[in-house]
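Here is what each chain is made of, one letter per residue.
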Amino acid sequence: MKSIRKHLILTLVLCLSVLFAGASLVLYLHARNALQSQFDEALTTKIMSFVEMAEAERKIDVVVVELEFVEFPLPEFLPSPDAEYYQVWNSDGTVLARSQSLEERDLPQIPAGPGVPNLEDIELPDGRRGRAVAAWFEPPGEPASGSSIAEVQSAESPLFMMLARSRESLDFALTALVAGFGGMWGLLVIGLIVTVGWSVKRGLSPLVRIARDADSIGSANLSHRFPIEPLPHELVPIGRRLNELLGRIEAAFLRERRFSADVAHELRTPLAELHTLAEVALRMEPDPSNIGTYCEYLGDVLDIAKQMESMVTVLLSLVRCDADRGKIKPEAVDLPDLVRKAVGPFQGEARDRELSLELNLPAAAVATSDRSLLSSILTNLFANAVSHTPRGGNIRCDIAVREDRFLLSLVNTDDQLEPADLEHLFEPFWQKDSSRSTIARNGLGLSLVAAYAELLGLNLSCSLPKKGFFMVSLTLPAHSK
Amino acid sequence: MRVLLVEDSVRLSKYIKEGLNQVGYAVDSALDGEDGSWLALSNNYDVIILDLMLPKVDGISLLRRLRENKRNTHVLILTAKDTLSDKVHGLRAGADDYLVKPFAMEELIARVQSLVRRAYGRKSPVIAIGDLEIDTSRRVASRQGGDLELTAREYALLEYLAMKQGQVVSRTEIEQHIYDDLADPLSNVVDSTVYRLRKKVERPGGLTLIHTRRGMGYVLEVTGL
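These protein sequence lines map, in sequence, to chains F and G. The numbering used here puts the first residue of the first sequence at 1, with every later residue one more than the last. The numbering used here puts the first residue of the second sequence at 1, with every later residue one more than the last.
A few of these clues could be false.
Stated by the list, open to error - Capping the alpha-carbon separation at 16 angstroms, the derived lysine to aspartate or glutamate pairs in EDC-like fashion look like this: (1) Lys-81(G) to Asp-303(F); (2) Lys-56(G) to Glu-296(F); (3) Lys-14(G) to Asp-303(F); (4) Lys-14(G) to Asp-262(F); (5) Lys-14(G) to Glu-418(F); (6) Lys-467(F) to Glu-403(F); (7) Lys-81(G) to Asp-97(G); (8) Lys-14(G) to Glu-296(F); (9) Lys-56(G) to Asp-262(F).
Note that these hints are calculated values from the structure, not bench results. As the structure is a prediction and not an experimental result, all values here were calculated from the model.
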């Protein structure tokens with residue numbers, strides 16, 4: 001499983017370590033160059049001062065070169081473990097002079113251009129790593145009497161000189177530099193792990209608090225909301241979305257709980273009827289004169305069973321609404337024809353109750369919808385209208401054409417409903433009367449209509465267009481060929 | 001004893017009425033709160049069985065109306081509402097008992113009996129008058145150790161007279177408490193029931209328990225001791 005904390009710590013430590021390592025490398029190279037330049041400059045300065053100290057003197061045909069540093073040897077050129085070396089050659093390779101530290105040995109020659117000293121690493125005669133500078137030079141001056149140090153064949157011939165010293169001090173400084181940078185890098189990595197870890201932990205603490213909060217939320221405290229104020233700016237949208245989600249879950253949970261309670265409540269009355277009926281029947285004398293009562297009770301049992309069956313069927317339809325979402329088959333539906341078929345079963349009851357049933361349907365109105373669900377919607381709407389219209393009242397169904405859609409409206413006489421009731425009409429089990437005694441009215445018809453309309457994406461609304469009348473409207477899309 | 005049943009379920013009302021009749025209670029019934037309210041205020045019932053979700057006037061409003069009119073009739077709420085808040089609400093509105101549907105008829109009868117006892121200020125289900133003993137919980141009466149073979153109506157009359165032991169009970173009062181609203185007030189049904197009851201209760205040579213007070217009514221008591 002991915003961990004943001006581990007990922008952040010690893011990434012930050014790695015990136016910062018690499019950055020610091022790069023910076024250290026640049027610094028080291030710069031320091032090394034500076035130290036080596038300083039070392040080389042000292043070596044060059046020394047050879048140049050030696051060269052300047054050389055003088056030439058002509059004696060008849062021989063040029064005598066005076067090398068003061070030979071005559072007065074400096075202590076660093078005396079044999080010792082950290083001795084330095086020099087050696088002077090004639091242009092024909094003849095050794096003119098060498099430091100006492102060389103004893104009889106030679107320095108390994110390195111090339112040098114005329115007038116330009118050349119520096120190179122060499123292995124010193126005592127095996128140490130060294131650095132040498134080599135230069136060609138011509139000793140200045142006229143022939144004079146004095147000490148003769150070396151003879152050259154031609155006064156014009158330049159001399160070749162090399163000066164070498166151990167680079168141990170330079171290497172030590174460079175090694176110390178490397179060790180310093182390495183040590184610092186190591187400490188920095190450890191420091192980074194600690195500080196970045198702490199910082200990331202602190203930065204992620206609001207998420208941990210949210211997780212802890214979320215963990216404590218259960219069905220008993222769905223009203224809990226994540227506090228937004230203490231959240232960092234970046235987490236505020238997440239907090240808000242989570243709170244909105246909680247709100248939706250709470251509403252759904254309450255709806256579900258209310259629905260379950262309603263279902264249980266609705267089943268109590270028929271169950272009580274069955275229970276009491278059975279008890280009363282069992283207490284009756286087993287007398288043939290009671291057969292008529294027994295038959296009457298059995299008829300009641302059948303009615304109760306039908307009522308419960310009808311309620312369970314509608315409840316199952318409501319529950320299955322979501323599952324049926326994928327089974328919708330939109331097709332061309334002849335609306336007037338469907339309305340006539342839906343109203344058919346209610347004609348008898350309407351006649352018995354002296355209801356005026358009027359259909360104002362266009363000759364043709366083809367909509368796109370699922371025929372089966374739409375038929376169920378219309379059946380429930382007519383059942384509701386016929387059931388609630390008082391004796392002698394009116395029911396009228398209109399279909400109006402509105403560009404690319406149809407507006408189906410069903411108006412019936414109703415002197416019971418008030419504006420405040422409209423918002424409850426599509427709630428399961430809601431009835432204007434708190435009584436739940438009527439078999440035909442279980443308060444689920446309009447809930448089913450609302451659920452099916454939502455499933456079909458139809459716009460369903462209800463209103464009281466004028467006093468004493470109730471209207472349900474349904475907007476359907478026209479079928480496009 | 002006369003009971004008013006206010007229940008909107010036609011079938012349930014029919015069965016409860018039948019069940020209570022079987023044990024000798026006279027039952028008037030109303031299918032909505034408005035009728036129930038009218039009956040409750042017009043008559044003197046021993047117990048009212050009241051549903052809460054009623055058409056026209058809901059049960060709680062009916063109950064409040066009853067108490068506002070200083071009617072102290074014991075009320076048993078019989079409803080499908082089963083939450084604690086519903087029960088507390090109902091009892092605080094003035095109900096004396098609360099029973100949730102579905103229920104056992106035996107329990108309903110026992111609760112009604114309990115309320116009847118409370119209405120007449122009795123704690124024990126057994127009433128003893130001389131050598132006559134009436135067990136209101138088992139709804140049986142016995143005299144000198146032998147059970148009396150009484151019809152439901154006869155038992156109801158005996159129980160009512162026993163509840164009002166020593167008090168003169170008028171015919172009208174008996175009609176109101178023993179018979180439901182279907183009984184013909186002009187008939188001599190009370191006198192004939194008292195006659196039959198006397199024949200079953202009185203013993204030759206034994207104490208006379210049921211006495212007639214001319215122009216006033218009847219009284220159940222032990223006299224001459």
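Each hint tested on the structure:
Only pairs whose Cα atoms come within 16 angstroms are accepted, and Lys-81(G) paired with Asp-303(F) is rejected, the gap being roughly 23 angstroms. Distance hint between Lys-56(G) and Glu-296(F) is unfulfilled; the C-alpha atoms sit about 29 angstroms from each other, more than 16 angstroms. As the CA atoms of Lys-14(G) and Asp-303(F) are separated by approximately 14 angstroms, the hinted pair is consistent with the 16 angstroms bound. Of the pairs offered as hints, the one joining Lys-14(G) and Asp-262(F) is violated, with about 25 angstroms between alpha carbons and a cut-off of 16 angstroms exceeded.
This hinted pair does not check out: Lys-14(G) and Glu-418(F) have alpha carbons roughly 33 angstroms apart, beyond 16 angstroms. Of the pairs offered as hints, the one joining Lys-467(F) and Glu-403(F) is violated, with about 30 angstroms between alpha carbons and a cut-off of 16 angstroms exceeded. Simply put, Lys-81(G) and Asp-97(G) have alpha-carbon atoms about 14 angstroms apart, close enough for the 16 angstroms limit, and the pair holds. A distance of roughly 11 angstroms separates the Cα atoms of Lys-14(G) and Glu-296(F); the hinted pair therefore holds under the 16 angstroms criterion.
Only pairs whose Cα atoms come within 16 angstroms are accepted, and Lys-56(G) paired with Asp-262(F) is rejected, the gap being roughly 21 angstroms.
When held up to the earlier numbered hints, the structure conflicts with 1, 2, 4, 5, 6 and 9 and fits the remainder.
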